[in-house]
Structures are given as C-alpha cells and as structure tokens.
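Asks: With the hints as constraints, model all of the structure from the sequences given.
Heads up: the protein sequence lines correspond to chains A and B, in order.
Going by the numbering used here, the first sequence opens with residue 1, and the numbers climb by one from there.
Going by the numbering used here, the second sequence opens with residue 1, and the numbers climb by one from there.
Simulated DEER-style distance windows between Cβ atoms: (1) A:H146 to B:A14: 39 to 49 Å; (2) B:A139 to A:D78: 43 to 53 Å; (3) B:D73 to A:R80: 28 to 38 Å; (4) A:D78 to B:G111: 43 to 53 Å; (5) A:E19 to B:M1: 23 to 33 Å; (6) B:M1 to A:G31: 10 to 20 Å; (7) A:H92 to B:H49: 35 to 45 Å.
Note that these hints are calculated values from the structure, not bench results.
Heads up, the beta-carbon is just placed ideally off N, CA and C, and yes, glycines get one too.
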Amino acid sequence: MIDRQFIGHTMPAFEVLVEKGRLRFFAKATGQTDPVYTDDAAALAAGYSGLPVPPTFLFCLEMESPDPAAIRNLLGMDYRKLLHGEQGFSYHRTACVGDVLRFEQRIEDIYDKKGGALEFVVRQTRVSNQRGEAVADLRTVTVLRHG
Amino acid sequence: MTLPSFDALNVGDAIPLLALPPVSRLTLALYCGASGDHNPIHVDTDFAHSAGMPDVIAHGMLSMAWLARVLTDWVPQTAIREYSVRFAAMTQVGERITCSGQVTEKFEAGGERRVRLALSTVNAEGQIKLAGDAVVALA
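Replies: As structure tokens, this is what we get:
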C-alpha cells in the first residue's frame, strides 16, 4: 500500500524552456498539419508571440522534470505496474515558444479500489510562466496494479 | 480562424471528426522522441514480450493529442478552457482510430458563452479507447 501520509505532499518546483525544435517535432509526431503549430509567420498572424504550445504538450514538458521518477520513487511505485488512468487540463493562457514554464506538483489524493488491488494517485500540477501568470492546471490520475 | 456561433449550435451537434491512418510503429517511435515518454512498452517489441504483452501499445497521450486536434481544427486553442480524458482501453498497432466530439451542454460561465463537448477516440469496430470532455468558449 502506498503511504497515505503523502497526500498533500508537494514536490520541488522546476522550470522548463519551451523549445521550437520540440514543438515542431511534436507537431510531426501527432500528424498536426495546421501551420500555426510549425510556421512562425502563421503563429504570429494568429496572434501568438511565436509557435504555441499545443493543448497536451504541457504534459510532455512536465516530464522534463530534473527527476521524472521522483514521485514514483517517493511513493515506491514500480513503473511496470503503472497505468495512466486519466488526464485533465484547465487552461488559463496559451504558452508559446521561448516561455520558461514553472511546474509545481502536488499529490492531491491517494485511494484504492477493488479491495486494494488497484491504487490511484492523483497529481495536480500548476503551470505558470516567467511573468508569474497562470498557464494551466494539470490533473493526472495514475493507477498502480497489484498482483 | 473564426469562432463557431454559440447561437447556431445545438446540444447533440457533432463537430468535424478526425479519421487517422492505421497506427504505425514509426508514429509510435516519433511520438516517443517528441513527447519525451521513453517507456519501452511503446516502441520496443522485445520489451513488450518480456512484460507479457503480445506487442507494443500506443501512448495514451498520443491519442489525447489526436483528440485535441479535433478541438484545434474547430476553434483556436485559446478558446479551450478545459480538456480531460479517461484512458479506457489500449490502442494497438494497426488500428484505425477516429476522433470525434459532440455538444452536450450550452452554458454561461466566467462572463463567457461556453459549450461542453463529449469526446472519444474509437477503433474501426467502435471500441472506445479514450472518453473525455472539453469546455470551449464561443462567440
């Protein structure tokens, strides 16, 4: 069982630079054909300060944490037994290339179902930019399968 | 891109869907690199076998990115207020995935007129892989 004392635990904040090459690579990998996501001029014409961070790429940037395994290790979870159960985003402002985003992760809840056969970890991540403006809140539910 | 008209939309209306080519190993390899999710279960067949799986499986977040394209093909992403999904089933190599959305609610919040959409990705047999919803602000 994951120790419930970690409910409410906050992780050290970290910052990630939004790089153009990664944004273009992500557009290619997801089959994105809208030039707003790959072409500087199209992004500027659409009113962005540069290539925008697409809706789900914030999750990828969160994985750029200096220690992506920090929460797994803290909670003692074997990654081979983990499933991504749910993912949610609340958006406040679109981030763009060149922004330096700050990620603040908090373990919101830990609970189990099916007599403890499945444990759930809910992580809430606040993302803000270099001006201190709110960008998004991410909610991740990870499922740990026992047996 | 102009915003769809709030008044012209009705609960039950579908937004344009996105039909994808069959999931390829190349796509999974590209997403592995681009996303930064290097879990071998998505790209290394030998690893998948050792984990008792018949083959690699697609990243859930790749499907979530495809499903987001249904939204950003329809409205500028600055109009998206909320977007969430539940990963219901694994997406396999070779599957033909279709992403779709349907208006489920019209309401006002935060001084804006918004719609809620039910979203899903399904395979050719209609099996739901991702189920979710989004809130979008409209003119």
